[in-house]
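A.B. asks: This is what each chain is made of:
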Amino acid sequence: MADQKTLAEPGGDAPYRRMTRPMEGRLLGGVAQGIAAQLKLDPVVIRLMFVLLSVAGGLGAVAYAVLWMIAPREPYEGAPPPRDWSQLAAFSAIGVALLAFGWLTGASKGGIGMLPFAVGGIGALILWQQADPERRKGWVSGATKSIRGNRVRTLLGVTLVVIGAIGFLAAEGELADAQPGLLFTGVVVGGLTVIAAPWLAGLWKELQLERRERIRQEERAEVAAMVHDSVLHTLTLIQRVAHDPREVVRLARAQERDLRNWLYQPAQDADATLAAAVRRIAAEEEDAHGVAIEVVCVGDMDIDPGGRLAAMLKASRQAMVNAAKYSGSPTISVYAEVEGDEATIFVKDRGKGFDLDAVPLDRMGIRESIIGRMERHGGTARVRTEPGEGTEVMLTMKIAKD
Amino acid sequence: MTRVLIVDDHRLFRSGVRAELGDSIQVVGEAEDVETAVKAIAELQPDVVLLDVHMPGGGGQEVLRRVLGSGSQVRFLALSVSDAAEDVIGVIRGGARGYVTKNISGRELTDAIRRVAEGDAVFSPRLAGFVLDAFASSEAPSIDPELDSLTQREREVLRLIARGYAYKEIAKELFISVKTVETHVSSVLRKLQLSNRHELSRWATARRLV
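Protein chains in written order, with our numbering: chain S, 1 to 402; chain X, 1 to 210.
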């Protein structure tokens, strides 16, 4: 029963997703848990890493804060679950102990030398976290893309400028003097990047959110328009003609058909294929005569340019009109089938039927519009009827494939 | 007398069906979602469950899964407003013995319930069309030829159902008994439920439009 599963829940493979902060089981902001889920690691490992990095130079705390700001919170319904304060206390205790240990032994005097690593690390983290899965894959795969071309060019430019500047300074013999200044410029630029990045990222995210919201609203507007233009309209009409049951049924039926088509049928060009054309003709005749026409189509083919199917469709319309007008049957069944190069249409009613031989020659409906028309175009039409037994018109047409 | 449970989340519809069903049918209860349906089926043990396809809590397919999964022999007739191939084929493969749309007349519904109660299958013209379409022209090799294709006779029967013929008319048309028609339809139902045909699911998925 593997099939059944596919029917029930198709397309199961989850897309690679961006890091989110889960609400459940978080200690502080859910950042460590989010990273753990992303990297498929135990959250405890990540938490310990944050504690360790926070103690050694404060990088952990900064990174945590930044990630807290930029990672979206996982959707969670209901009241936020309480944090596990005992665990949080335990991690804090570990942090304090490490800090005390570092301070006592003097091991944490990383000084300014740690800063570039901190800046670089945070920058990389931000970029990685912010990037779309697609882009991330692009980075990893190393394929040459147009964006990449741009980036390479930028990188090349920056490298050249830096080399040029260094070369210039070296030639002037001032490189040694400029070194501290350069370092601090670098640090400042890095710092600004770190400060601005979350803000820019937030802005970008907001834009995306807005876009999604707009799309949703457009969809809602489309549904609203559909409901307003057709459903509300029909309901109003029904109230106004409530004294005429036949008209009420006709309106309800037409509305039902519209809604069904909108919900379940692909947007089809009624002039392009046989099934679509049969459906449209049935809908039109149903509307015109207030008799329900049930259409079932199996297989489909394009309307031929030679006009054979067009003739067949005209004949089928005539059969539907006859059934709706004269049979007295409350419903008409239409079945269109395409098998190989042969198209067949059946129009059946359960009405009063008639004696075919007694149909006068001048009754154009059956002889001319159905049988004659089909035969002129190389098809066949059979009418099967008996008084009291209903009528079935069978149309067959062979369409040679070119 | 056939004992029937009506499962539908629209109260109005439930009372409508109740009023329409003939005297040969006894409505023993109603349920409005998956949970109450599963409970009511276990308690009341009806002969036939009229099952709505779209319901809160997983819909008709979930009821089928839970009830039939527990080894119950209750028979289901799916009743829905939906024409979507996925819904139709979905509940049939979930174990329902028939599928009719909600605009069916009271007399036809009574007839369908009786048929399902007797262990036969009930195909609406549209379901017959879906099945013909799904089993049509396969070039892909089938895993189980017996299950994966329809016989000529089954195809004929389905085609007549799609054309709007009643079982009695089909029997007359093919010079066979009504019982034989029922046997053919049941056999198609079995194939539909058991076939692992690749195309069947692909077809239904391709028809998913909403």
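By construction, these hints were calculated from the structure, which means they are not laboratory data.
Don't be surprised by glycine CBs; every beta carbon is placed ideally from N, CA and C.
Possibly wrong hints are sitting among the right ones.
[Stated by the list, open to error] Pairs of lysine to any residue residues, derived as SDA-like cross-links and limited to a Cα-Cα distance of at most 20 Å, are as follows:
id	chain 1	residue 1	chain 2	residue 2
1	X	K168	S	L263
2	X	K39	X	V27
3	S	K314	S	L263
4	X	K172	S	Y264
5	X	K168	S	G388
6	S	K352	X	K172
7	X	K168	S	G25
8	X	K102	S	L263
9	X	K102	S	Y264
10	X	K102	S	A254
11	X	K168	S	R384
12	X	K168	X	S149
[Claimed, not checked] Listing some non-contacts, in silico: residues in chain S with all C-beta distances to chain X over 12 Å:
id	residue
13	M19
14	D229
15	P330
16	I332
A.B. asks: The structure should be examined with respect to each hint, and the outcome stated for every one.
C.D. replies: Tested hints:
1. X:K168 to S:L263: Roughly 34 Å between the alpha carbons, so the hint for K168 of chain X and L263 of chain S is violated.
2. X:K39 to X:V27: holds (16 Å)
3. S:K314 to S:L263: The given pair, whose Cα atoms are some 28 Å apart, is violated under the 20 Å limit.
4. X:K172 to S:Y264: violated (35 Å)
5. X:K168 to S:G388: Distance of about 16 Å is within 20 Å: holds.
6. S:K352 to X:K172: holds (19 Å)
7. X:K168 to S:G25: violated (65 Å)
8. X:K102 to S:L263: Between K102 of chain X and L263 of chain S the Cα gap is close to 16 Å, so the pair holds against 20 Å.
9. X:K102 to S:Y264: holds (16 Å)
10. X:K102 to S:A254: holds (16 Å)
11. X:K168 to S:R384: holds (17 Å)
12. X:K168 to X:S149: violated (25 Å)
13. M19: The assertion about M19 of chain S holds, with a minimum of 31 Å to chain X.
14. D229: holds (19 Å)
15. P330: P330 of chain S not clear of chain X: closest Cβ-Cβ about 9 Å, inside 12 Å.
16. I332: At roughly 8 Å from the nearest Cβ of chain X, I332 of chain S sits no farther out than 12 Å, so the non-interface label is violated.
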